[in-house]
Amino acid sequence: MKPQRRGPSAWSRHLRSVLGFAVILALTFLGLLAITFFIGRIIPIDPVLAVVGDRATNAQYEAARIAMGLDQPLPMQFIAYVGDVFSGDLGRSVSTNREVSTDLIRVFPATLEMATIGIIIGVLLGVPLGVLAAIKRGKITDQLIRVFALLGYSVPAFWLGLVGLALFYAGLGWVAGPGRVDIYYEGLVDPVTGLLLVDSLLAGEPEVFFSALSHIILPATILGFFSLAYIARMTRSFMLDQLGQEYVTTARVKGVSEWRVIWVHAFGTIRVPLITVIGLSYAALLEGSVMIETVFSWPGIGNYLTTALFNADMNAVLGATLVIGAVFIVINKLSDVLYRVLDPRSRS
Amino acid sequence: MTLTTWLTDDAPASRLQANLGRAYDVTRRLLRNPLAALGVAILTVLIVCAAFAPWIAPYSPIGQDLGARLMPPSATNWMGTDELGRDIFSRVVHGARLTLLIVGMVAVISAPLGLILGAVSGYFGGWTDRVLMGITDVFLSMPKLILALAFVAALGPGIENAIIAIAITAWPPYARLARAETLTFRNSEFVQAVRLAGASHMRVIGLHILPLCTSSTIIRVTLDMAGIILTAAGLGFLGLGAQPPLPEWGAMISRGRSFILDQWWVATMPGFAIILVSLGFCFLGDGLRDVLDPKSGDKS
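Those protein sequences? They're chains G and D, same order as listed.
Take the first sequence: its position 20, counting from 1, is numbered 19 in numbering that gives the first Met the number 0, and each next residue is one higher.
Take the second sequence: its position 102, counting from 1, is numbered 101 in numbering that gives the first Met the number 0, and each next residue is one higher.
Just so you know, the hints here were simulated from the structure itself, not pulled from any lab data.
Among the clues, some could well be false.
Label pairs and their computed distance ranges (CB to CB) [stated by the list, open to error]: (1) D:G133 to G:V329: 13 to 23 Å; (2) D:R21 to G:D141: 23 to 33 Å; (3) D:G133 to G:F85: 18 to 28 Å; (4) G:P205 to D:V44: 12 to 22 Å.
Backbone N, C-alpha and C fix where the C-beta goes; we use that ideal spot for every residue, glycine too.
Turn these sequences into a full structure, and let the hints guide you.
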């Protein structure tokens, strides 16, 4: 068989799809910026008054308004806002008195760490459960898994967090309580990656590692439960599609073992769509971490966001919204692209 | 002729008979599915609680009794009392009204908004479609809870603002759905016939296309209800939704947070109500999909 020739047309097609992706990504970002800009403008607080105070004269007020660019027409203000965001300027946080961007860089790794452990738990449990439900379709196992997965759509994350704390921390004492690490280990390890589990190992501090592990396991498991629900449901649906196909019947007729039919033949085909599902759940976990972090006093971006909400610290709120939104969009679009790259059918 | 034979008549004589017959058929098939029937039962209880709350609840939802603070569940207070001595069961029953109000209002605002945008987008196509769907995609690719949080932060806490914020984030899936459905009808003969008869674009969309999108939208709205309830409860938990002393379930959990280690029932009981109602909507939504949309019914 002759190898397929890749002429200039194939390359220009690739280039075009990459450009198209970049344009869509840029437009989505602009949309996100437009929304945060709009939210920033509908606040009933006068931003000028907040700066000059209510004793300022009219002249001082006007001067501050012009200095802040608020005398410009809205489109110009929006362009200035986009410029600020792209140069990394998200304004100053009223409550921490630091640049919002500095704050966000500091808190983001904690969220990333929890969401990553969460998705690992979600995939390790969700995929086998989904496959099992598909094999036992309609049986009692299937129904149980279905209800278990639906619970993931019906249980409030913050409630499960509270109940988990009461049960496993206060009641049984199996895990550590709120926070990221025991208080006497705090600040013992220099942040290298910002991921405490990694940093403590790098620093050769196993005690800190186990303390951090004991703190992260409960919130991460609860977070993982919510991705498990979606992953299990989708895995079941994909598997059912495949198990009804003729190639599966052929394999069975040829005498291939049932285990091999399921895990090699059928599961092999659904790996690609599963990647998209896992990507989407990962993005959703970043969002779900807001509630969990609040309950577990986890010093991540979600906790930062809710703390800022209580202090009416709009720069911090909008900054955190922007960062979570941006990460969400990137993961969403990337899993989309990954699907197209990996799925041979979409290449032609 | 009995009522059943009239309802299941293959050749209905009037539009009313056809509609009622279809409703009867859907209900019958729905109730045959045990989980869906359970969902219907749960939601019936919710509606009854909301409608007759003052008669069902043994105490006032805001009546304080500081002598009976933080009492554990007992025969007099089925779910115990909270830190102000209010009966939690009565508050949970009255909370059904708020939950129903929130999901109802969000559905009433976001579903028609999404349907109209989607139908207009699909019907006219071209640049209208590109712009409207571009906006929809932007909203669709954004984290809903975070967006709702930011909106409420800007609008100010309160149940009305929470409803608005959730509705703003809930409409995009309906727009996508309505557009996809509209595209399949747009060039069909019945639409052309109506156009030839002189109907305006508005009339075609409003009277002939939108009604065809309703069944898939109903499924989607029902499935989304659980998410809406959780978001509303989350906003309440953060103090951004219904304000005290309103017995909103999320806010009640938030109040009980300080007592979770010793008086577990204060935070736990309202949570069971949220789970039960959300599960009810999930069961009903799943069942409705099986009945109304046979294509995807047996898959998930």
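May I ask which of the numbered hints given earlier this structure violates, with the numbers listed in increasing order? Of the numbered hints, just 4 does not hold.
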